[in-house]
Every structure is written in C-alpha cells, then in structure tokens.
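2 protein chains.
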Amino acid sequence: MNTVKTIEKISQSNEFSLSCPVSFQKYPHVLLAHGGGGKLMHQLIEEVFLSVFDNANLNQRHDSAVLNPGQGQIAFTTDSYVVQPLFFPGGNIGTLAINGTVNDLAMSGARPLYLSCGFILEEGLAMEDLWRIVQSMRQAAMKAKVQIVTGDTKVVDKGKGDGVFINTAGIGIMEYKQKISPQMVQEGDALIVNGDLGRHGIAIMATREGLSFETKIESDTIPLAGVIQDLISEGIEIHCLRDLTRGGLASALNEIALAASVEINIDEPQIPVREDVRGACEMLGLDPLYVANEGRFIAFIPEKDVKKALSVMKSSPAGREAAIIGKVTRKSSALVTMTSAIGVSRILDMIIGEQLPRIC
Amino acid sequence: MNTVKTIEKISQSNEFSLSCPVSFQKYPHVLLAHGGGGKLMHQLIEEVFLSVFDNANLNQRHDSAVLNPGQGQIAFTTDSYVVQPLFFPGGNIGTLAINGTVNDLAMSGARPLYLSCGFILEEGLAMEDLWRIVQSMRQAAMKAKVQIVTGDTKVVDKGKGDGVFINTAGIGIMEYKQKISPQMVQEGDALIVNGDLGRHGIAIMATREGLSFETKIESDTIPLAGVIQDLISEGIEIHCLRDLTRGGLASALNEIALAASVEINIDEPQIPVREDVRGACEMLGLDPLYVANEGRFIAFIPEKDVKKALSVMKSSPAGREAAIIGKVTRKSSALVTMTSAIGVSRILDMIIGEQLPRIC
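So the protein sequences, as listed, match chains H and B.
Counting in the working numbering, the first sequence runs from 342 upward without gaps.
Counting in the working numbering, the second sequence runs from 342 upward without gaps.
Mixed in with the good hints, there may be bad ones.
Only pairs whose alpha carbons sit at most 20 angstroms apart, straight line, appear in this in silico SDA-like list of lysine to any residue [as the list claims (entries may be wrong)]:
no. : chain 1 : residue 1 : chain 2 : residue 2
1   : H       : K367      : H       : G465
2   : B       : K520      : H       : N409
3   : B       : K501      : H       : L427
4   : B       : K380      : H       : I688
5   : H       : K518      : B       : Q412
6   : H       : K520      : B       : N396
7   : B       : K499      : H       : R549
8   : B       : K518      : H       : G411
9   : H       : K518      : B       : G411
10  : B       : K501      : H       : R549
11  : B       : K499      : H       : L427
12  : H       : K499      : B       : G465
13  : H       : K518      : B       : R402
14  : H       : K501      : B       : E463
15  : H       : K520      : B       : A397
16  : H       : K520      : B       : N400
17  : B       : K649      : B       : K668
18  : B       : K520      : H       : N400
19  : H       : K520      : B       : L399
20  : B       : K484      : B       : I514
21  : B       : K499      : H       : P426
22  : H       : K501      : B       : G465
23  : H       : K501      : B       : L427
24  : H       : K668      : H       : E609
25  : B       : K380      : H       : A600
26  : H       : K518      : B       : Q401
27  : B       : K501      : H       : P426
28  : B       : K520      : H       : G411
29  : B       : K380      : H       : L627
30  : H       : K648      : H       : G529
31  : B       : K499      : H       : G500
32  : B       : K499      : H       : G465
33  : H       : K501      : B       : G500
Hint data in this document are derived by calculation from the structure and do not stem from the laboratory.
Since the structure is predicted, the reported quantities are computational estimates derived from the model, not experimental observations.
So here's chain H without its partners, still in its complex pose (with noise of 0.2 angstroms):
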C-alpha cells in the first residue's frame, strides 16, 4: 500500500513528504461523508491520521487513549487553532496547533507528553492541504517530544467553515515544584524575553495582503518546552512564564501585572525587533508589541538567577537572541510603563479589540 510505503520513507528520512495515499486520487477533496461515520471516514483516519502520527498510545484506537503520565500534577491545556491563510512562511496552522498547546503547558513548568487532536474540516478542503498539515503535525510533534494520542474529524458544509480549524489539547507532567504563576512575581523580578518580536504577526499579515520585504519574514513559530526545562534542570528560580501569543507583550504584561498587582517597566531600546519586522509594522499601522508571537515568551526571574537564566536561554536554540528587558519595579496597582530611549516613560495599555484577526 502506497501510503505506508510513504510513511516508511519519512520515518526512514525524517523529511517533509508530499506524496499523498491512492485514495486522494478518487477523492481529491473532503466531503461530508469523510466525517460521517462510515467507510470514507474510517479510510480517512487510517490513511492520514493514524499513519502519519503512528504511535502505540494512538493505535489503542478506542474512544480514549490510556496512559501513564507518571506520579504527581499534571498540566492540561487546550487551544483552538483558526489562523488564516492556512499556509504561510516559516508554518501552516498544523505546526501552530503542536507549537500553541505545547508552549502552554510549558509556561506552566510542565514537561508536554501528549496531545489530542480534534480537526473540523470544510468540505472541499483540498486532500493534499490536508495532507501537508497533518505531515508539518507530525514534524513539530517530533520536534517538541510529544506524541499525538486521541482525535476526532468531523466535516462541516462547504460555506460553514473555512478549510480546517484544529484544536489540540495537551497533557504534560509537572517537573518543576514551585508553583510557577502571575502571584509568584515579586518586587525586583527581571523580566527576559527569549528572542525578537513581531515575526508572527507579520508573516501573518504579509501573506494576507500580498506583501513582499526585501528580507522574507518568517513566522517564529517553535515549541519552547526545550528552553524552559533547561532552565529548570539547572536550578533557575523561576516566578512566571507567559508565551507572547494574541495581545503580543504588551497584552501579556498588563495580564500578569493585573494578577500579580505590580508595576512593570521595561526599556524600549532593550526590546528586540528586527528592522525589518519594525519597518514592516510602521507600513502596516501597528505596534511590534501588540504583535503576536508563537515562539516567544517573557520570565520572571529574581535578580540572584538573572544572568544565569540569561545563559542558560543564550545556549538553547529557542533563546540565542534572549535579552534582559525590564523589571518588576513595586508592588502596586497594575501598571505596565515603557521607557524609550531618551528617557521618558509612557502607560502601555491593553488593547481594546482586535488588532490582526485570527493570527493564530
């Protein structure tokens, strides 16, 4: 059978493949029946789903996947994903539904094991984009050691949705014992930040409107479950964690300094943006901080550890380009200030509405 050649080939190559099952010959495109129950749907699963994700918790095959997390917490999590386009630079929204729900359990200090995976396909989405989004799955769920265990497909009318939406949810063990949250900020706590900002949304955006840069702006979509346990497994004191996804760094920093009751500034000129996503944000009207990322994320950490975090995250892939950029300066009533360059400080707010749809 074609397809199982095609996954040996994979697992053998460990590289992104395009060749699709026989059965996309006959039917090229999803159809209501693909989730209706029956024999098309049964084919479905077993030619894309199960045998690309192949694993032994998966091919259990029952209503639910059994499993031994190991002793202690667990952390749970759950994302939808709705981005648009489906494709862009750098991911499609098959690497963001692994990436989100893996950096949201590691902003809890978990260790991500497993992953559900429910997709809500239109009718008519192309079997081939499918295809690929499902092989990039497998991919980031390699990359982030996690195994996807459980799903669901269901096909919705074509006009009633719009191509494939996924949500993953996601089960990881707690490794590190305190208690990593928004009330263990204290006074003093620095603030670093593990690369540059902006790529995300912008990437986004371009592909929407049809833009083009001198440099490609590539989406900085990546699991940072790797980072955070390095900073874990050498000791780091760690407050809290917050990946900078919708809202960008401004809306997560006004989140925890509402949580924790602090005032936080931060140094613009410390906040790294590359020029391009800076020049590519003034085009567009908006705020690199407002922007969303999917692979970045800001530590609270207490003055003793900060240069040892800062090393430590400087020697792993997903922080070479960390920077230390502000501190928790009082407890207080929630307050979020930016100082610029030539020294004057002004309130960075929340956001009101909505500054991209649906960038993730």
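Based on the hints, put chain B in the right spot on chain H.
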C-alpha cells in the same frame, strides 16, 4: 455586578437561567474583537466562561490548569461538536459537548474528572445564545461530576463558521483494572444496549426539516459515566464498551467485529426502538440502527455476568430500558448479522458515506 448576582442565583437555585451579563446590552453579538486578545476578549472570558464554569482549577487562570488526578493510569479523549441546529429538543450543542466527551472517557472504564473547552465563535453570534449554551454546559458538567478546568476562545469572520463549534477534551482516571477494548471480546459474550435507539438523530433531523410528530422526540443525550461506574463497582466483568454515536449501532458493531475478528449476531426484535422513532425513520428513509445516539452504548459482557449486568443497568437512570440484543457467535473474520422476527438473517454492513450530516 449583575453577572455575579446571576451566577449566585443559579448556584443557589441550581436552575437554568437566561439572564445575561449587563455587558451584553452593549455587545449583544460576538465581534471579531471578542477573540483578539484585548479587553473585550477578557471581558467575555470573565463574564461568561469563568463566572459560569467557576471552580478552583479553572480559576488558576494560567496557560494550563495544574491538576492532581491521583495515581495510576489516565484516559484522555477529545471531540469537536458542530451540530446544526445549535438548539434541539432535549439539549443543545453545549449539552452534547459535555456528555459526548464524558461518555468517551466512560467507554474506557475511566471515571471522568476534567474537561477542557475550546470555542470557535462566528462573528455575529447572539451573546444570549452563547449564554444559554454555556449555562447548559455548566449543568451537564455538574450532572456528570466533571470540572471544566481550562479553555480557549477564537472568533472567526461571519460566513467562516456556523454560530459556534465546541471542542472538549477530557481526562479521566482508570478505575477498572482490566483492559476494556475490542481485543478483549470473547466468543459467547452477550451484547447489552442501555436503552432505545435513534432518538438523538431523529430529534436533530426533525428540527432541521421542521417536522413535528404526535409525540415529542427528544435527544437521548445523557452522561453514561454513572452507569458504567455502577457496573464496575458491582464487580461485573466488562470486555468492551462503545457509545453509539455517528453511524449508530450498526457502525459500532462493525468496528468492533473488525478490531476483534469476531462474528456478531443481533436479534432484530430485541432491539429497543420507540414506535414514534421507527415511524419518523420510515418517513425520512433512515434505518434506526445507523442513526446517531448521544446517550446509548453497547456492552460486551461474558455469559456468567449477563444477568447481573442487566439488573445493575436497569437500576440506573441511564439504563432503565437496557436489553440483551445479541451475542458474539464465534471468532472468525469480521461479520455482523441480524436475525429478524421470522428467523431470516442478513448482513448488517457499515455505511459508506454520510447518513445524517452534523448530528453531533
């Protein structure tokens, strides 16, 4: 704050309430901005999801919920719900989203504990509809004794969704120590169904087509974890369980026959189908054995425990109409046959495509 009052009232009275938060007067419909990561999204999450689903695990308000499921194996499952219409006799999309995932956990012999909940809202959805759905989810979760501990909200542009899609993933703890799976099915096992078939699918179809019948046909959606726990705690040996959703009884039996390599025979006269449901099926050209249920399951029980299992099921509200409908006749290649009242046997095959689209 009115929201809080409303919630208190509900908590006290434990009744369904349609009073909406005050902010709904300003924003009676979902806007794209409700999914944008800004103030409006936070308001929606606080006033609707957090206040209605209120529990200590959810109130952590972090990227993941940190949980203590206890020692041992866990079960993990997911389902997306795309039913149309959103409201139907006997329930709505929210009821299904809780019961469906609870039931998938129960079918593995797990006691359901925690649910995640991902909403994909279409711009323009009436806030009051969302409120009713969320209230139903709260009630269903209480009835099924599960907590909604983590969630996500996305908004898609008008015309790119269909009101609301809901994904729930669930975690349960394994309390039955034997494996419950098709591989455990034995020659001689009896098949017990917990009630009459076909009501959910017919309730949906009737609403969709504007049909009315002399008696009201309501969806059979209920949580099944209680009756399964009863079987387990009574020491019944359970070989396999399967809920009879998409594709109905016939598809479930075919799946199990295939996975277990057995021949299954069922007795047509023993299969409980209400007269009005049978009539509606004839009118609509449907076979009740292929129609989806949302509160029905089939149990494979060894001969020695059949009587006791039937009696335990009949004493549970979720099994009052339980009936023995057939047995596993032999190990062989997969085959499902049905014997009619006059003794004629025919093959009950899996359907190829879609019988009823979007029934769950």
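Problem set entry | Hints that the structure is at odds with (numbers, increasing) | none
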